[in-house]
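Participant: Sequential numbering from 79 applies to the sequence shown in the working numbering.
By construction, these hints were calculated from the structure, which means they are not laboratory data. Fair warning: this is a prediction, and the values are worked out from it, not measured in the lab. The beta-carbon is built from N, C-alpha and C at its ideal position, and this holds for glycine as well.
Have a look at the derived ranges for each label pair, beta carbon to beta carbon: (1) Leu115 / Ala87: 15 to 23 Å; (2) Ala135 / Leu107: 36 to 44 Å; (3) Ile89 / Leu113: 20 to 28 Å; (4) Val82 / Leu120: 13 to 21 Å; (5) Tyr103 / Gly138: 35 to 43 Å; (6) Tyr103 / Glu124: 26 to 34 Å.
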Amino acid sequence: MHFVRTHPARIYAVAVAALALVAHYVPELPSALVLGLVAAVLGTGEAVQRTEDRKTATAGEGDQAGTVGPFEVGE
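Could you put the whole structure together from the sequences, leaning on the hints where they help?
Facilitator: Right under this line is the structure:
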């Protein structure tokens with residue numbers, strides 16, 4: 079579970095790639111099934127993006143302490 083929380087974008091990318099391969103190599107799949115999976119993948123992508131944005135914002139909070147702008151004063 080730790081790996082899933084640490085690397086959601088990587089897991090998402092592998093799942094999307096696997097879905098694309100299955101959809102390509104199994105043409106007899108019903109199109110409604112494929113479209114439903116695509117919709118689910120888009121929703122999951124939004125969740126992954128929000129998770130990554132939250133991680134980025136959290137990581138940046140400590141970095142800005144003590145700086146006036148993009149550079150330290152006196153550089």
